[in-house]
Amino acid sequence: MQESQIESAESALIERIRKGENDLFYALIQPYERSVYLTAYAVLRNPDDAEDAAQEALLKAFAHLDQLRSNEKFKGWLLLIALNEARQRRRRDRQHLYESLDAEPIETEDGDFTPQQFADWREVPSETLERKEIRASVRRALESLKLKYREVFVLRDMQHLSMADTAQVLGISVPLVKIHLHRARLQMREQLTPMFGKRWIERLPFFKGKKPW
Amino acid sequence: MVSCHRVLQELSNYLDEDIDPDLRAAIDEHLRGCHRCSVLVDSTRKMLYIVGDERTFEIPGGYSERVHQRLTEYFAKH
Ligand SMILES: [Zn+2]
Chain A
1 MQESQIESAE SALIERIRKG ENDLFYALIQ PYERSVYLTA YAVLRNPDDA EDAAQEALLK
61 AFAHLDQLRS NEKFKGWLLL IALNEARQRR RRDRQHLYES LDAEPIETED GDFTPQQFAD
121 WREVPSETLE RKEIRASVRR ALESLKLKYR EVFVLRDMQH LSMADTAQVL GISVPLVKIH
181 LHRARLQMRE QLTPMFGKRW IERLPFFKGK KPW
Chain B
214 MVSCHRVLQE LSNYLDEDID PDLRAAIDEH LRGCHRCSVL VDSTRKMLYI VGDERTFEIP
274 GGYSERVHQR LTEYFAKH
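Those protein sequence lines, which keep their order, are chains A and B. Take the first sequence: its position 10, counted from the start at 1, is 10 in the numbering used here, and no numbers get skipped. Take the second sequence: its position 48, counted from the start at 1, is 261 in the numbering used here, and no numbers get skipped.
Read the hints as simulated data drawn from the structure, not as lab findings. Please read these numbers as outputs of a predicted model, since none were measured by experiment. Among these hints, one or two may not hold up.
Once the Cα atoms are required to be at most 30 Å apart in a straight line, the calculated DSSO-like pairs of lysine-lysine come out as [claimed, not checked]:
1. A:73 with B:290
2. B:290 with A:19
3. B:259 with A:132
4. A:73 with A:178
5. B:259 with A:146
6. A:146 with A:132
Model the full assembly from the supplied sequences, consistent with the hints where possible.
Structure below.
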């Protein structure tokens with residue numbers, strides 16, 4: 001379906017939900033449940049908190065559906081609710097904890113960044129590494145990003161929002177999205193390279209029951 | 214001819230194809246002769262491919278069902 005077709009199908013659903021057909025709300029949010037969770041996770045970095053915030057955001061979206069303006073995209077509006085819910089929680093509950101856990105950025109304040117990792121990712125990692133291991137490394141890498149970089153990265157590179165939609169949800173300009181995205185990508189690559197740069201074959205003796213030393 | 218520093222600066226725009234055609238051609242030219250920059254571009258592209266794949270980041274099992282449940286309870290009360 002084209003984006004415009006999706007939007008008009010959504011408008012029709014929203015109209016009926018507003019008139020009392022509550023059950024249609026499940027269908028309306030179903031395509032976005034994952035995005036709502038990921039958006040909350042980008043802010044909170046913790047699966048339980050992210051799910052709490054996501055659930056709350058979805059309830060709020062239902063309760064405030066009449067506030068969605070006719071020219072507003074439902075997805076963007078919904079993700080903004082999720083972002084605000086997660087940000088409120090971050091401020092309210094755990095500020096001290098999150099701040100102390102935030103990793104120091106590798107860059108200097110003016111944004112200069114020098115890549116350190118130049119190992120070649122010769123093998124396609126998704127085919128050679130176990131997916132479990134990939135998941136764990138990606139999660140660790142994401143969690144090490146500064147909040148402002150993680151937010152942009154999760155919306156744009158993990159949820160594939162456009163530059164314009166990313167900027168709109170986060171309430172920042174497109175040029176700033178690009179700057180943050182650039183740094184986020186460099187840092188993600190840097191964090192993941194030690195793992196993916198390794199020649200997987202060098203670790204094979206483990207699987208054959210022989211120690212490599 | 215562009216420098217390695219310029220390639221680094223433009224990396225993100227280059228990957229998004231959000232770049233002036235002349236600059237793109239100059240970067241392509243640079244990449245043919247610079248191993249470090251090709252590794253940088255290639256590994257960043259692979260990283261994006263990995264994180265953009267839905268299977269890479271799992272949401273908690275049963276999340277969708279719990280959302281459904283909470284909404285059902287909410288509808289019953291309102
Ligand atoms: Zn170079």
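Now the hints, each set against the structure:
{"no.": "1", "hint": "A:73 with B:290", "verdict": "holds, 28 Å"}
{"no.": "2", "hint": "B:290 with A:19", "verdict": "holds, 17 Å"}
{"no.": "3", "hint": "B:259 with A:132", "verdict": "holds, 17 Å"}
{"no.": "4", "hint": "A:73 with A:178", "verdict": "holds, 22 Å"}
{"no.": "5", "hint": "B:259 with A:146", "verdict": "holds, 22 Å"}
{"no.": "6", "hint": "A:146 with A:132", "verdict": "holds, 24 Å"}
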